[in-house]
Amino acid sequence: MSTLNNNIKGVVLKVLKVLNTRNRDIISRRFGLKDGKRETLESIGQSYGITRERVRQIENASMKQIKGNLEAGLASLVEPYVNLAGSILEEHGGVMREEDLFQRFSGLGGNTPVNAALVFFLDLNSDFVREADDEGYHQFWSLNEAQSNSVKKALGSFAKAFSKKGVITESEVVNFYNKNVAAKDTAPKFVASLLSISKQIGRNSFGQVGLTSWPEIKPRGVRDMAYLVLKRDNKPRHFREIAELINDQPGWDKKANVQTVHNELIKDKRFVLVGRGLYALKEWGFKAGTVKDVIKDIIKSSSNPLSKNEIVNQVLSHRMVKENTVMLSLQDQKSFTKNNDGTYSLREA
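Using this note's numbering, the first residue of the sequence shown is number 3, and each one after it goes up by one.
Please keep in mind that the hints were generated in silico from the structure rather than gathered at the bench.
No residue lacks a Cβ here, since even glycine has one placed at the ideal position from N, Cα and C.
Hints are supplied without guarantee of correctness; some may be wrong.
[Claimed, not checked] Simulated restraints, written as ranges between beta carbons of each label pair:
#1 L318 with D136: 50 to 58 Å
#2 S165 with A134: 21 to 29 Å
#3 E172 with G51: 35 to 43 Å
#4 L76 with Q48: 25 to 33 Å
#5 N182 with P82: 37 to 45 Å
#6 E325 with E172: 39 to 47 Å
#7 S319 with E147: 56 to 64 Å
#8 E147 with G75: 27 to 35 Å
#9 K324 with D235: 20 to 28 Å
#10 K36 with A77: 17 to 25 Å
#11 A63 with K11: 20 to 28 Å
#12 N177 with N146: 22 to 30 Å
Construct the entire structure; sequences and hints are all you get.
Given below as structure tokens:
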């Protein structure tokens, strides 16, 4: 990798030699060729006492001058790096998120002089297309304009398909894409590139894929994380255990306070208290309220009075309590009437 770093920096210096000192500095700063950090037109203009528009004009004229010089004989120095990037893109279906392309090209995904040099070289080539960061996708590169347009269309169709399906596992993604978006079988690396590029589709720490607007995929706070870990665990948990499950999740940097978790569970209607400190998801069929409230709902929804066993069994399917707790609640004569045949009805007001 050090050989690549030294070689590409040397090629950059040779390519920039055609420019005068000021223009060379402007191009270097615009692309971040010295330290990997791109500078704005505004900051460069201020340092030279010229307008943003003038900096833009100098940049465009300088790039045109460099392209002319490449055609005159320096192209062979740049081509190996451009061809390498092209091969990497082809391997991934002709498109990659910029950060991923950097990682494959230089071994580093961030803003470095080597990655800046790659952007500089690709920008000198009219075939490659760089799509800027957008609300629907991260900045990405494609082999040509047609490929870029095709990818943007595919990203929209992919997200739409997820909105109809729901969360799936990572192992299902390629088949899901082929069935709902592609007209033919698609290479897994291309689908992986789409997932990386998209801002609308994401993965969670459990290896599930879906829309980033869903709390199962991109939890936005403690209550969403509580929902996610509880749904994954698939059984009621004490609020202290839920806090522990949250804190054990990889990629979750915020420490979940036990009391905060408890407060969120109380406030959020997705959760139901089903026992002493035990919470379940409402979508599992558990009912909110006291045991007495649950009994009332059960009897009310029945067309006939219910036996003790019928009531106990139904309550235990909704709440994690002891049978004696149900029996104690049934003894409330202000709420329930025990009939001659041993069944129970609601006491009329």
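Okay, the hints, checked on the actual structure:
no.	hint	verdict
1	L318 with D136: 50 to 58 Å	holds (52 Å)
2	S165 with A134: 21 to 29 Å	holds (25 Å)
3	E172 with G51: 35 to 43 Å	violated (54 Å)
4	L76 with Q48: 25 to 33 Å	holds (32 Å)
5	N182 with P82: 37 to 45 Å	holds (40 Å)
6	E325 with E172: 39 to 47 Å	holds (43 Å)
7	S319 with E147: 56 to 64 Å	holds (59 Å)
8	E147 with G75: 27 to 35 Å	holds (28 Å)
9	K324 with D235: 20 to 28 Å	holds (23 Å)
10	K36 with A77: 17 to 25 Å	holds (23 Å)
11	A63 with K11: 20 to 28 Å	holds (24 Å)
12	N177 with N146: 22 to 30 Å	holds (28 Å)
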